[in-house]
Amino acid sequence: MSARTSRTRRRRQPLRRAVPGTSPGQLTPPPDALHPIVSLFGYGPDEHLELADADPEAVREALARWPVVWVNVDGLGDPDLVARLGALFGLHRLALEDVVHVHQRPKVEHYTDHIYIVLRLPDPGAEGLESEQISLFLGHNFVLTFQERPGDAFAPVRERIRGGKGRLRAAGPDYLAYALIDAGVDSNFPVLESLGEQLEDMELEIVDRPGRGAVVALHAIRRSLLNLRRGIWPMREMLGALSRDADPLVGDETRLYLRDCYDHAVQIIDLLETYREIAAGLLDVYLSSVSNRMNEIMKVLTIISTLFIPLTFIVGIYGMNFHFMPELQWRWSYPILWGIMLSVVVGMLYYFRRKKWL
Amino acid sequence: MSARTSRTRRRRQPLRRAVPGTSPGQLTPPPDALHPIVSLFGYGPDEHLELADADPEAVREALARWPVVWVNVDGLGDPDLVARLGALFGLHRLALEDVVHVHQRPKVEHYTDHIYIVLRLPDPGAEGLESEQISLFLGHNFVLTFQERPGDAFAPVRERIRGGKGRLRAAGPDYLAYALIDAGVDSNFPVLESLGEQLEDMELEIVDRPGRGAVVALHAIRRSLLNLRRGIWPMREMLGALSRDADPLVGDETRLYLRDCYDHAVQIIDLLETYREIAAGLLDVYLSSVSNRMNEIMKVLTIISTLFIPLTFIVGIYGMNFHFMPELQWRWSYPILWGIMLSVVVGMLYYFRRKKWL
Amino acid sequence: MSARTSRTRRRRQPLRRAVPGTSPGQLTPPPDALHPIVSLFGYGPDEHLELADADPEAVREALARWPVVWVNVDGLGDPDLVARLGALFGLHRLALEDVVHVHQRPKVEHYTDHIYIVLRLPDPGAEGLESEQISLFLGHNFVLTFQERPGDAFAPVRERIRGGKGRLRAAGPDYLAYALIDAGVDSNFPVLESLGEQLEDMELEIVDRPGRGAVVALHAIRRSLLNLRRGIWPMREMLGALSRDADPLVGDETRLYLRDCYDHAVQIIDLLETYREIAAGLLDVYLSSVSNRMNEIMKVLTIISTLFIPLTFIVGIYGMNFHFMPELQWRWSYPILWGIMLSVVVGMLYYFRRKKWL
Amino acid sequence: MSARTSRTRRRRQPLRRAVPGTSPGQLTPPPDALHPIVSLFGYGPDEHLELADADPEAVREALARWPVVWVNVDGLGDPDLVARLGALFGLHRLALEDVVHVHQRPKVEHYTDHIYIVLRLPDPGAEGLESEQISLFLGHNFVLTFQERPGDAFAPVRERIRGGKGRLRAAGPDYLAYALIDAGVDSNFPVLESLGEQLEDMELEIVDRPGRGAVVALHAIRRSLLNLRRGIWPMREMLGALSRDADPLVGDETRLYLRDCYDHAVQIIDLLETYREIAAGLLDVYLSSVSNRMNEIMKVLTIISTLFIPLTFIVGIYGMNFHFMPELQWRWSYPILWGIMLSVVVGMLYYFRRKKWL
Amino acid sequence: MSARTSRTRRRRQPLRRAVPGTSPGQLTPPPDALHPIVSLFGYGPDEHLELADADPEAVREALARWPVVWVNVDGLGDPDLVARLGALFGLHRLALEDVVHVHQRPKVEHYTDHIYIVLRLPDPGAEGLESEQISLFLGHNFVLTFQERPGDAFAPVRERIRGGKGRLRAAGPDYLAYALIDAGVDSNFPVLESLGEQLEDMELEIVDRPGRGAVVALHAIRRSLLNLRRGIWPMREMLGALSRDADPLVGDETRLYLRDCYDHAVQIIDLLETYREIAAGLLDVYLSSVSNRMNEIMKVLTIISTLFIPLTFIVGIYGMNFHFMPELQWRWSYPILWGIMLSVVVGMLYYFRRKKWL
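Chains A, B, C, D and E supply the protein sequences, listed in that same order. Each residue of the first sequence is one higher than the one before, counting from 1 in the working numbering. Each residue of the second sequence is one higher than the one before, counting from 359 in the working numbering. Each residue of the third sequence is one higher than the one before, counting from 717 in the working numbering. Each residue of the fourth sequence is one higher than the one before, counting from 1075 in the working numbering. Each residue of the fifth sequence is one higher than the one before, counting from 1433 in the working numbering.
Because the hints were derived from the structure by calculation, they are not lab data. If you're wondering where the values come from, they're calculated on a predicted model, not measured in any experiment. Heads up, the beta-carbon is just placed ideally off N, CA and C, and yes, glycines get one too. Among these hints, one or two may not hold up.
Unchecked claim - Taking lysine to aspartate or glutamate and the EDC-like style, the derived pairs with C-alpha atoms no more than 20 Å apart in a straight line are:
hint, chain 1, residue 1, chain 2, residue 2
1, D, Lys1181, D, Glu1206
2, E, Lys1788, A, Asp113
3, E, Lys1731, A, Asp208
4, A, Lys355, B, Glu654
5, E, Lys1539, E, Asp1677
6, E, Lys1787, A, Asp78
7, A, Lys356, B, Glu563
8, C, Lys823, C, Glu1012
9, D, Lys1429, E, Asp1702
10, D, Lys1181, D, Glu1171
11, B, Lys465, B, Glu490
12, A, Lys107, E, Asp1702
13, C, Lys1071, D, Glu1370
14, D, Lys1373, C, Glu1012
15, B, Lys657, C, Asp924
16, B, Lys465, B, Asp436
17, B, Lys523, C, Glu813
18, A, Lys107, E, Asp1640
19, D, Lys1430, E, Asp1702
20, B, Lys465, B, Asp621
21, E, Lys1731, B, Glu654
22, B, Lys714, C, Glu953
23, D, Lys1181, C, Glu953
Claimed, not checked - Every beta carbon over 10 Å from chain A, so not counted as near; a handful from chain E, in silico:
hint, residue
24, Glu1489
25, Pro1499
26, Phe1521
27, His1524
28, Gly1557
29, Pro1582
30, Ser1675
31, Lys1731
32, Gly1748
33, Lys1788
Okay, chain A solo, but in the shape it has when bound (with noise of 0.2 Å):
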């Protein structure tokens, strides 16, 4: 257990952007930020770059001569980077400072040229499903994305445009970021699914053998339940004010598929609630599953108190010493007293079958 706890105290970050009443638009990144890598794709319907690491000069190249670029870093680790990128694609400084104080709630802000979305992943790896901030820019003819982490959301995504089939190469950057952010909305499915599979799986073990490790087991669900929907349900609202409100950076086509991603978001809440409701169902399947078993011994000690206490208070009697106890001369009182005893057990068994005891 303990090594759980140090785990997850280590991995924990502080709530608090920064000390408080310090002033907005500094960049200071989260103590246990990663060392950035920035990659980058430039595409158009016909061909394709791919970039592993590259410079802010390759990129500065790359939005020169491509139709659409995708720059992502993976790590927040280098607020000199962060800066000189926000210098590159004009980026708003509130929202460069957003990037990295990474508790940010998802949601949608539209600046002049370009629009800052917010994501809130669950990180899989994390204890309790503590989410991972996606930050995403779009902008005329570029999709910058900011990862906590290096994570694969987004492999399947980059495979499509290598792969250079689907309508992604030929649309615009808006249509690659609704591809992420897709992408990302749907990463929260497996995750639902694992813990739907443990809620059946727990199911199965509280009816059988109701025991202590359940009910933590139980509530580990039910905080991960918790923090994935502390996530997907802003992420729901920006993803409806995604769709719904007009921006020339998004096309109405694209907004459609907006609109799809929403229909998901809705899926993965009414899944979660429903876990919700199921894992406090399971709770008192639990306590009611103890009662029973506790309703189950007390049961067997109250037969075996109320059939041997009686006879052991008789055999005490005849136990005595006393010089003047006629029984104790009398030829039969051997065998009467057995009989006595066998029907007092005979009789106590029947009332106990009559109360549905036994």
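Following the hints, complete the assembly by docking chains B, C, D and E onto the known chain A.
For chains B, C, D and E alone, coordinates are given in the frame of chain A:
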């Protein structure tokens, strides 16, 4: 129990529509999809045609000839067929995709010359009333429905087409769509009625013989109610939108009927919520029954112990082998002791009666 | 208990209006519908006519002669009669259908020359306060009401027509409709009052003698409150709509009275919710009473065991038959042992007192 | 307990306004209504008149002479008086009816030349803080208030009229109405404060000595909070409407003060809901305290049984009277047995310590 | 425990602003208000002035000279000072009254030439995180703040004024007001973080060693969360209004920053609700831990009783003194009896193992 589990496992479909991040518009049917069977109805006020197994060519001919054509596809196992029917009826690509990704929430989507409606009906054969997705396309002269499994929710509508009485044969495809939706919504009633009866039986059982089985069964009912609820709430929204929003494909008269259908959905929700509260109340009754029973057992245990343990102590005293115990020689010790023991018992019984433990 | 159950079963009506999927507009009465009795009132400011058993012909004549005609039908067993009255008064087909499908929620529907209102009143005779559906049609010069069972909610209104005092005889059919609705809504008060008294009695009983019966009774009250609630919430909406929306059939003055009626419905809901919370609170009190009682029993059990089990062990020691037990020969062993045993008892009692178990 | 009950019974008023279905507009006072006492204040900036017992004629005269007249009626036992005052001030019939039917929710009703306001104030003397209805009519130059019972919520306002300082004497009747409403709303604070103190005391008691009395007292507090809540929620709505909606009878400045009054109502609701949550939390603490106590008792019981029952068995063995038991003759049997028994006890105590039961 | 209580008592302030019904606009400070200390900052882009203890005259001078003046008053014990500052800055009477009546909910009120803002900040030193009221007035060239107690929430802002870096010194009083509000809102983070850590520690403790202290501590955390929540919810509304509604005193740029502040409040609420759910879940874990422990104890008790009580009965039989007990003479009785007793024990242990009690 294990049989039941494995069955659950077999039926459970993965939640994900596809691998997250794959291109939208792909028609990947669910892994356990059945091979499709296409049936066709064409009718006008006076005549009708019924084909139990139709191919796309037959559909094309029927569309040319009959005022109203209803094509029903049972089973989603053949994506090519779905694509060909989509092309034949001019359906939107995103809608076709939702047909085969069978975890949609009930919704209505208006396209330029057709409406796409998703229904979810409880599948009485499935574990925990998992719901089945029905897709319905309504066009100028056709209704196209897709079902996951051949079911009989639509059987009465087929009978009404064959019979030729009532409004159905004389009315347009919008009325047929209404009739199908109405049959779908109303198919919740028998399921609810059966759950209501189970709850009523459970109530008697819980009061008479509270056992572990009851809680597990109650939990199963609550899960079923949750599943029904997950289907019917968005159905209500969808019916509200359909009966409220003007669309040239749905006549005013049909909208009035859809309003009636909406009322049914609200009625179902009312019942559902009432059943959920009753189920929660039953759990309370169960828990209190169990603790009452425990109480009763404890009382018996206490009375037995309280009566006999002191007596056993008393007889133990005179079983001691001390050489100098004056009472042992006295003539009346033994009968006097019986008197003392009797009065102890009587005194205790009086005390218990005053405490209302008897 | 079985008698109660079978009675419940007899009264319970199927939830379904009809077989799902059948054609709408069919007048299939509920299976246990009673044979209808038609009564008629015709009145003006000065005179009135009362017919206890009227046929459609008499209704037609009364319509021609009296300023206001009220036809009341008790029992829905004759669909033909409903259809004939529908034709006579020119009622809409969907409304007529809802009259016989007695599971409608309270609602108001405006047709071109009549208003259709559905009320649900608690049926004090029914198990769990199942509600009865009352249908009310309001036209230019008539009010037509359908009741499932002959009841006396409308009796005071009849008296007021006969008496001829107050506004009723001078006012139009809208005021009559208001008077009937008001009588219906207010019929919830005595039912609520009786539930409130039951809750109060239960409170005393639960505190004094918590027993299994109390929980079952509490559960029954909660079910009744749920049933009442299911009727009165939509009634509130309906009354709000009726008093707010302009309709030439309802005068402004009557709308003011309906507003008063709406206030009553809100008052009923307030009380209902308060009673629901009190009932939930009583369950908590019950559960804590039971566990307190258990606690007390356990304490007695523990004290008995703790006092006598060690003593029994001590006397058992000197009941052993070892040849070499020096204590047995000593002169003062027996009185000394009594002293030891007494001090053990006193010590324990002192310990229990300090623990506050006595 | 029975004394308390009978008192509750005596105070409880029937919920119904009248027999359901009777004609509206009837002035039937509640059965236990007190005989009315009419007091009168007439004032202007410089002078004031106070009559402790006024008749309608005196009211008429005061209306003619003073800029602002406040008539207060304590007790609703005389419907004629209510009717005469209604005629004198030109009040609406429906409003007068609501004055005597004392189960109105707080509300405001705008009539052509007066406003009718219903307040509900907690009655500290009543069982469970049952509330009292105050009716307030505001006209061009008068305020007319009706109270069920003579109470002192308005006493400070009387003092302010007599004192003649502050805005009150110089302002119009709308400011007087505000002052009365404000005094009424604020009369919830001492009641809440007392409940808060009771909760705090209870918290200590429950943690230290959890007993059945605590739960019953907690239930009583929760009922009182429910009753307060039933009065204050609609009061908040009413104050919101009053401070928002324009009415020539209420000046803009007074509306600003009413907004302040609305803030107080919101503050009261905030506190109320916090107290409700604290009370619910205390029940949890109580239940866990009880089960902890039970746990402790069980531990003692188990330790006693576990220590002595095996020992009693051992000494029982050597109390048997078999002729051939070699141990009985051995010289060191008795001391060896003591050794065995001691080591059994020590072993068990070690085991309990490891299990943390000691 | 008593020390803690008396401390709570001392700190608790009466809820009431004043005696109900007294005239509004009276400046009666809370009974335990501290003597005020007035500090002053005047600054422009290039210079600044700081006075640790200023009098009204110094304030007047600073207003005339500096572009932005911030006056901060710690302690509300001197109503005259409040009144004089009110007159100096031209503040509204109702607002001044709210400054000293320190139970306001967070709110914003727009007066003609100043805005009055009420904040509530958690007071980490107070019992149960009782909150402190901060009043902030924003005018054309000043910010005036009142604090109940000298606190350090605003310390970083002071540092930023002194430092002269960042936007603060160059911007107007609206930006200063934003900086102060932001510091106030963010002061919730460390408090929340500490509660989160306490919850995490408690989780480990409850799973390992469930004790009564844990529940009491959990209850205290829940109370603290309730208190935080009571402050932060209306703060969110207030910030929403402030960032949305146009007011000439608040620039567009500042409104953008306030929107960021609003996002922080929403983040705090999210965390708060998550913690509340976790705390509720921990109670469930605790209760199930306790009942598990009870279960375990019961099992030991049952096993001991079940093993030894029958054996004690058996040895009791052969302790009887009947003259005619054939078994007593038999040669092998004693070893045979041992065999019987051993097999009884083995049989029972086998039974328990099968029942999974071992």
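Hints and how they fare:
1. Taking the CA atoms of D/Lys1181 and D/Glu1206, the gap is about 14 Å. The hint holds against a cut of 20 Å.
2. Simply put, E/Lys1788 and A/Asp113 have alpha-carbon atoms about 69 Å apart, too far for the 20 Å limit, and the pair is violated.
3. About 18 Å separates the Cα atoms of E/Lys1731 and A/Asp208, which keeps this hinted pair within 20 Å; it holds.
4. Under the criterion of a C-alpha separation no larger than 20 Å, the hint pairing A/Lys355 with B/Glu654 is consistent with the structure, at around 11 Å.
5. For the given pair, E/Lys1539 sits about 13 Å from E/Asp1677 by alpha-carbon distance, which is consistent with the 20 Å threshold.
6. The hinted pair formed by E/Lys1787 and A/Asp78 fails the criterion: a straight-line CA distance of about 61 Å is larger than 20 Å.
7. With a C-alpha separation of about 14 Å, the suggested pairing of A/Lys356 with B/Glu563 holds against the 20 Å cut-off.
8. A threshold of 20 Å between alpha carbons decides the hint, and for C/Lys823 with C/Glu1012 the separation of about 54 Å lies outside it, so the pair is violated.
9. Proposed proximity of D/Lys1429 and E/Asp1702 is contradicted: the alpha carbons are some 41 Å apart, above 20 Å.
10. The suggested pairing of D/Lys1181 with D/Glu1171 holds, with an alpha-carbon distance near 14 Å, which does not exceed 20 Å.
11. For the hint linking B/Lys465 to B/Glu490, the alpha-carbon distance of about 14 Å falls within 20 Å, and the restraint holds.
12. For the hint linking A/Lys107 to E/Asp1702, the alpha-carbon distance of about 14 Å falls within 20 Å, and the restraint holds.
13. Among the hinted pairs, C/Lys1071 with D/Glu1370 is consistent with the structure: their alpha-carbon atoms are about 10 Å apart, no more than 20 Å.
14. For the hint pairing D/Lys1373 with C/Glu1012, the CA-to-CA distance comes to about 15 Å; that is within 20 Å, so the pair holds.
15. Between B/Lys657 and C/Asp924 the alpha-carbon distance is near 18 Å, which keeps this suggested pair within the 20 Å criterion.
16. The straight-line distance between the Cα atoms of B/Lys465 and B/Asp436 is roughly 24 Å, outside the 20 Å bound, and the hint therefore fails.
17. The suggested pairing of B/Lys523 with C/Glu813 holds, with an alpha-carbon distance near 17 Å, which does not exceed 20 Å.
18. Taking the CA atoms of A/Lys107 and E/Asp1640, the gap is near 40 Å; set against the 20 Å cutoff, the hint is violated.
19. With a C-alpha separation of about 39 Å, the suggested pairing of D/Lys1430 with E/Asp1702 is violated against the 20 Å cut-off.
20. Proximity of B/Lys465 to B/Asp621 is assessed by CA-CA distance (about 17 Å); at most 20 Å being required, the pair is judged to hold.
21. For the suggested pair E/Lys1731 and B/Glu654, the alpha carbons sit about 19 Å apart, so the restraint of at most 20 Å is met.
22. A threshold of 20 Å between alpha carbons decides the hint, and for B/Lys714 with C/Glu953 the separation of about 51 Å lies outside it, so the pair is violated.
23. With a C-alpha separation of about 18 Å, the suggested pair D/Lys1181 and C/Glu953 falls inside the 20 Å cut-off, and the hint holds.
24. Against the 10 Å criterion, E/Glu1489 stays outside the reach of chain A, whose nearest CB is about 30 Å from its own CB.
25. With a cut of 10 Å on Cβ distances, E/Pro1499 stays outside the contact zone with chain A, its closest approach being about 19 Å.
26. Distance check for E/Phe1521 against chain A: the nearest CB is about 24 Å away, which clears 10 Å, and the non-interface claim stands.
27. No Cβ of chain A approaches the Cβ of E/His1524 within 10 Å, the least distance being about 28 Å, so the stated non-interface status holds.
28. Residue placement check: E/Gly1557 keeps its beta carbon more than 10 Å from all beta carbons of chain A (closest about 17 Å).
29. Look at E/Pro1582: its CB is around 16 Å from the nearest CB on chain A, clear of 10 Å, so calling it non-interface holds up.
30. Residue placement check: E/Ser1675 keeps its beta carbon more than 10 Å from all beta carbons of chain A (closest about 13 Å).
31. Look at E/Lys1731: its CB is around 6 Å from the nearest CB on chain A, not clear of 10 Å, so calling it non-interface is violated.
32. With a least beta-carbon separation of about 4 Å from chain A, E/Gly1748 fails to lie farther than 10 Å from that chain, contradicting its non-interface assignment.
33. Interface exclusion of E/Lys1788 from chain A breaks down, the closest Cβ pair being 7 Å apart, not more than 10 Å.
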